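Those sequence lines, one after another, are chains A and B. So for the first sequence, numbering that gives the first Met the number 0 puts the first residue at 0; every next one is plus one. So for the second sequence, numbering that gives the first Met the number 0 puts the first residue at 0; every next one is plus one.
Pairs of lysine-lysine, BS3-like flavour, derived with a Cα cap of 30 Å: (1) B:Lys366 with B:Lys304; (2) B:Lys304 with A:Lys53; (3) B:Lys429 with B:Lys366; (4) B:Lys429 with A:Lys53; (5) B:Lys404 with B:Lys429; (6) B:Lys404 with B:Lys368.
Distance ranges between label pairs, derived from CB positions: (7) B:Val397 with A:Leu138: 31 to 37 Å; (8) B:Thr120 with A:Val29: 49 to 55 Å; (9) A:Val29 with B:Gly44: 47 to 53 Å; (10) A:Gly209 with B:Asp285: 55 to 61 Å; (11) B:Ala387 with A:Glu223: 52 to 58 Å; (12) B:Ala374 with A:Arg71: 50 to 56 Å; (13) B:Pro427 with A:Thr14: 42 to 48 Å; (14) B:Asp285 with A:Arg59: 56 to 62 Å; (15) A:Phe172 with B:Glu466: 52 to 58 Å; (16) A:Gln79 with B:Thr278: 46 to 52 Å; (17) B:Gly44 with A:Thr14: 55 to 61 Å; (18) A:Ser84 with B:Ala387: 27 to 33 Å; (19) A:Phe16 with B:Arg513: 57 to 63 Å; (20) A:Arg59 with B:Thr388: 28 to 34 Å.
Just a few of them, taken from the derived set where beta-carbon distance is under 10 Å, the chain A residues facing chain B: (21) Phe82; (22) Ser84; (23) Val157; (24) Ala164; (25) Thr272.
Hint data in this document are derived by calculation from the structure and do not stem from the laboratory. Given the structure is predicted, the values throughout are model-derived calculations rather than measurements. In this text, a Cβ means the ideal position worked out from N, Cα and C, and glycines have one as well.
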Amino acid sequence: MLLYTLRRILEFVPTIFIALTLIFVITRLVPGSPITALIGNQSVDAAQIDAITKQLGLDRPILEQYLEWLPRVVTGDFGQSLFFSAPVAEVILDRFPITFALTFMALLVTVAVGIPLGILSAMRRGGILDYFGNVLSSLGMALPPFWLGFMLMLVFAVSLQWVPASGYRPMEFGFWSWLSRLVLPVLALSVSQIGLVVRMTRSTMIEVLGMEYVAMARTKGLRERTVILRHALRNAMVQIVTVIGLVFALGLGGSVIIENVFALPGLGELITTAAVRRDYPTLEGGIFYLTLVALVINLMVDLAYAWFNPRIRYA
Amino acid sequence: MLRRRTVLVGVVGGLAATSLHLEAGHLEAGRLVRTALAADEPVQGGTLNVGLHIPLPTLDWQSTVGHPLPHVMGHVYEGLFGLGSDLNAEPELAASAEASDGGRTWTFELRPGVLFHNGDTLTSADVKASLERWRTVGPKGSGLNTLTSIETPDDLTVVMSFSEPMGRYLLLLLGSDENKAVIMPAAIAEASTTPGQLTEVVGTGPYRFVEYKEDQYARLARFEDYVARDDAPNYQTGKKIANLDEIIFWIVPESTTRVAGLESGEYDVIAEVPDGEATRLAENPDLDAVKNGPGVLLYMMFNHKVGPTAELNIRKAIQSLIDPAEIAAVAVSNPDFALTNPSIYAPESAYNTDAGSDLYTPGDVEKAKEYLAAANYDGEPITIQVIATNSLQNRLAVAIAEQAKRAGLNLEIVSYDLATWVANRRDPAKLNIYTSGGYWVDPSLWHAEFNGTFPSPEVGFISDRTEEIFARLAAETDFDKRKALGEELQRAFYEQVAMVNLGYVYRLVAKQGRVVDPYDNLALGNMTLHGIYLAD
Chain A
0 MLLYTLRRIL
10 EFVPTIFIAL
20 TLIFVITRLV
30 PGSPITALIG
40 NQSVDAAQID
50 AITKQLGLDR
60 PILEQYLEWL
70 PRVVTGDFGQ
80 SLFFSAPVAE
90 VILDRFPITF
100 ALTFMALLVT
110 VAVGIPLGIL
120 SAMRRGGILD
130 YFGNVLSSLG
140 MALPPFWLGF
150 MLMLVFAVSL
160 QWVPASGYRP
170 MEFGFWSWLS
180 RLVLPVLALS
190 VSQIGLVVRM
200 TRSTMIEVLG
210 MEYVAMARTK
220 GLRERTVILR
230 HALRNAMVQI
240 VTVIGLVFAL
250 GLGGSVIIEN
260 VFALPGLGEL
270 ITTAAVRRDY
280 PTLEGGIFYL
290 TLVALVINLM
300 VDLAYAWFNP
310 RIRYA
Chain B
0 MLRRRTVLVG
10 VVGGLAATSL
20 HLEAGHLEAG
30 RLVRTALAAD
40 EPVQGGTLNV
50 GLHIPLPTLD
60 WQSTVGHPLP
70 HVMGHVYEGL
80 FGLGSDLNAE
90 PELAASAEAS
100 DGGRTWTFEL
110 RPGVLFHNGD
120 TLTSADVKAS
130 LERWRTVGPK
140 GSGLNTLTSI
150 ETPDDLTVVM
160 SFSEPMGRYL
170 LLLLGSDENK
180 AVIMPAAIAE
190 ASTTPGQLTE
200 VVGTGPYRFV
210 EYKEDQYARL
220 ARFEDYVARD
230 DAPNYQTGKK
240 IANLDEIIFW
250 IVPESTTRVA
260 GLESGEYDVI
270 AEVPDGEATR
280 LAENPDLDAV
290 KNGPGVLLYM
300 MFNHKVGPTA
310 ELNIRKAIQS
320 LIDPAEIAAV
330 AVSNPDFALT
340 NPSIYAPESA
350 YNTDAGSDLY
360 TPGDVEKAKE
370 YLAAANYDGE
380 PITIQVIATN
390 SLQNRLAVAI
400 AEQAKRAGLN
410 LEIVSYDLAT
420 WVANRRDPAK
430 LNIYTSGGYW
440 VDPSLWHAEF
450 NGTFPSPEVG
460 FISDRTEEIF
470 ARLAAETDFD
480 KRKALGEELQ
490 RAFYEQVAMV
500 NLGYVYRLVA
510 KQGRVVDPYD
520 NLALGNMTLH
530 GIYLAD
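Let's have the full structure, built from the sequences with the hints guiding it.
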C-alpha cells in the first residue's frame with residue numbers, strides 16, 4: 000500500500016510537468032498582454048510600453064521565459080501578481096479557503112442527500128422515492144447553475160429574506176454572517192452534483208443488489224439493513240467514491256460561475272479576473288493550484304478503493 | 000467636468016439612465032440648476048453598504064482614470080478644487096485662486112488648519128509634492144505640460160507658474176474627479192514614485208480609508224477631526240457632512256446580484272443598475288430608483304491613420320448613415336434613459352450646442368452612398384470591434400451594422416475579451432472602429448481625443464485646426480468666448496468626423512428608501528455620499 004502510494008505520488012511529476020507546460024503555453028498564446036491591461040485607458044507612448052514590457056521580462060523569447068519560469072514555479076514560486084502587489088501564493092491562499100469552503104460544503108450536502116436517495120431509489124425501484132430521485136437528478140443536471148443561483152437568490156433572499164443574497168463576509172464578521180452567505184451558493188452548486196450521485200448510486204446499487212453474494216446474505220437471514228449497508232453499499236462504494244472525487248473536481252471548476260453569481264471572491268473568481276487582466280503569474284498559479292488539488296483528490300479516491308474493497312490489491 | 004472613457008469598458012451590465020434632474024433640480028438654458036431639498040434633522044451614525052460593479056484596479060487615484068476610484072476615493076481625498084453641482088470647478092482645499100501675468104501665474108491660498116488623516120496639518124509643501132507627483136503619474140497630469148515651477152512662499156500659499164497663459168480651465172483640470180489632482184502628505188507623495196503604488200492612503204476628506212480587501216470590499220470610516228468648509232454643501236465641494244460612521248463598498252460584479260442584494264436589504268445603495276430595472280424598482284415602496292447624469296455620449300471611434308476609416312469620405316458616409324434615434328432604441332430598454340442630441344458636450348453642460356449639426360443629416364442613406372462612391376469603396380469589410388461580455392457594445396454594433404448595410408457598407412462585428420479589445424484598439428493594423436462612451440462638460444476636456452494620443456498615437460485623430468482651437472481655449476477665461484470656441488471645435492468634429500455621435504444615455508442608481516440624500520448627490524456623476532444619512 001505504501002509502495003503504491005509512493006508510486007502514485009511519483010506519477011505526479013510528469014503530470015505536473017505537462018500541466019505546467021500547458022498552462023504556460025496557453026496563457027501566452029491568447030491574444031492581448033498584461034501591459035495593455037496594466038496601462039488601461041491611459042495614453043502611453045510606445046517607449047513607455049517597451050519599458051514596461053522589458054520590466055516584466057516579456058520582451059524575451061518565449062522559450063527563454065519558459066526556461067527561467069519552470070525551475071522557479073516547481074518550487075511553488077509563481078512570483079509577484081501583476082495587479083495585487085503581493086506574491087501569487089499569498090493571493091491564492093487568501094482566496095482558496097472561500098472556494099474550498101464552498102466546494103467542500105457542497106460535497107457534504109451532495110453526499111448526505113445523494114447517497115441515501117440513490118440507495119432508497121434502488122431499494123424501491125418504481126416507487127415514489129425512485130420517481131422523486133429520478134426527477135430530482137434529471138432536474139439537477141438539466142438546470143444551469145447560474146440560473147438556479149439567481150432563482151434561489153430571488154426566492155430565499157429577496158422574497159423570504161431568510162438568508163443574504165450574495166457577498167462574502169470573513170469569519171471576523173461573525174460565524175453566522177460567514178455561513179449565511181454560503182448557504183445559497185452551496186445549494187446552487189450541490190443540486191447538479193446530487194443528481195449525478197443519485198444516478199450513480201442507484202444504478203450501482205441495483206447492479207450489486209442483483210449479485211449472488213447479496214442473495215446469499217439474505218438467505219443467511221441477515222437483516223436487510225445489514226445486507227444493504229455492510230455488503231451491498233460497501234462494494235458499490237468503489238464506483239460511488241469515483242464519482243464523488245469527480246464531483247469535487249467538477250465543483251472546483253463549477254465554482255467559477257457560482258462565485259461570480261454570488262459575488263464570492265474565491266479562487267474561481269480570481270482566475271477569471273486574472274485571465275481578463277492577463278495577469279500571467281496569478282493565472283498560472285491559480286490554475287496550477289486547482290490542478291494540484293485535482294491530483295490529490297484522484298489519489299485519495301484511488302486509496303479509498305482499498306478501504307472500501309479489501310479484495311483490491313495494488314500491484 | 001468630466002470625461003469618463005471607462006464607462007463602456009468596465010461596466011458589466013451596460014449603461015443605463017436618462018435625464019439627470021429629479022424633483023430637486025431643473026434644467027435652465029442647458030445648465031443644471033440644483034436646489035437642496037428641505038431635509039429633516041440628519042441622523043448621525045450607522046454603516047452604509049454600497050454595491051459597486053467592479054473592483055478597484057489600484058488605490059492610487061492620482062495614477063488612473065479607472066473606475067470605481069472616484070466613487071470610493073472621492074470621500075477620502077480632496078484637491079485644491081473640486082466639482083460643484085453645476086460640474087464647474089469650486090474651491091475645496093483652496094481658500095482662493097487668483098491668476099496674474101495674463102494667466103501665466105496662478106496663486107492659491109490654502110484653508111488654514113486642515114488636517115490629514117494621520118493628524119498632520121496641511122501645508123503648501125504637501126500641495127507642491129502632490130502636484131509634482133500627479134503631473135508625473137497622472138493620465139491627466141500632462142495638462143500641466145506648460146508648468147515651469149511650483150513655489151511655496153509660505154505654509155499656506157502655492158504659486159504655479161506657466162510658460163503659456165493658462166485659463167480657468169486649470170481649476171477644472173485639477174478638480175476633475177476622473178483623475179483628480181488629490182493632495183496627500185508630502186512624505187507619501189515623494190516616497191510613492193511608482194504609478195499605481197502608494198505607500199499609504201492618507202487624505203484630508205471626511206472619511207478615512209480603513210482597508211481594501213481585494214475584490215471584496217473597501218471600508219471607510221468617518222474622520223472625526225475633519226475640517227469642513229463653512230460654505231453651503233455643493234456636490235463634491237462646499238461643506239461636507241459625514242453623517243455615517245462607516246461606508247463599506249462591496250464589490251458585486253453581477254448586476255442581477257446587486258439588485259437582489261438591494262431588494263433583500265444587504266445593500267443600501269447600488270451603482271450601475273440596468274435601466275430595465277427602473278420601473279420595477281420604482282414600484283417598490285421601500286426602494287428609490289435615481290436617474291444619474293450627466294448624459295453619457297456614446298460614440299464611434301475610428302482608426303484615423305491606417306485602413307479604410309483613415310479616408311474622410313468613408314467616415315462621412317458612416318456619419319450620414321447612422322440614425323441615433325434607432326441606436327437609442329437598442330442602447331436602452333427604457334426609453335427614458337436615452338436622448339439624441341447633436342452636441343459633443345453633455346446636455347447638462349453650459350457648452351451644449353447644435354453647432355455643426357447642419358453639416359449632415361442623420362440616417363441619410365443616399366448621402367452615405369454618395370460618400371462611399373466618392374471614396375471608391377469596393378465592399379471591403381470594415382470591422383467594428385466589441386468586448387464579448389459588454390452587452391451594450393454588442394447591441395450597438397448590431398444596430399450600426401444593420402444601418403451600414405442599407406448604404407452598402409460591409410461592416411463586420413468582431414468580438415474580443417477585454418484585454419484583447421484594449422490591445423487592438425491601439426493597433427493600427429487591427430483597428431477600424433470601436434464604440435465607447437463618456438461625458439464632457441468643457442471643450443478643453445476633449446483634448447486627449449483630438450491631439451492624436453488617444454487611444455494611441457498610431458491611430459488617434461489630430462489636426463492643426465483643432466490644436467489651434469485647444470490652445471486658445473486653454474488661455475481663454477471669458478465664458479462667452481470659450482463657448483464660441485467650443486462651437487468651433489464641434490464644427491471641426493463634424494467636418495472631419497473625428498468620431499460619430501451615437502446619442503446619449505443616462506445611468507441608474509438605486510437605494511433604500513431609508514437612505515436620505517438631502518442634496519440629491521446620487522443623481523449626479525460619480526457617487527458622492529456627503530450629507531447622506533440613514534433615516535432609522
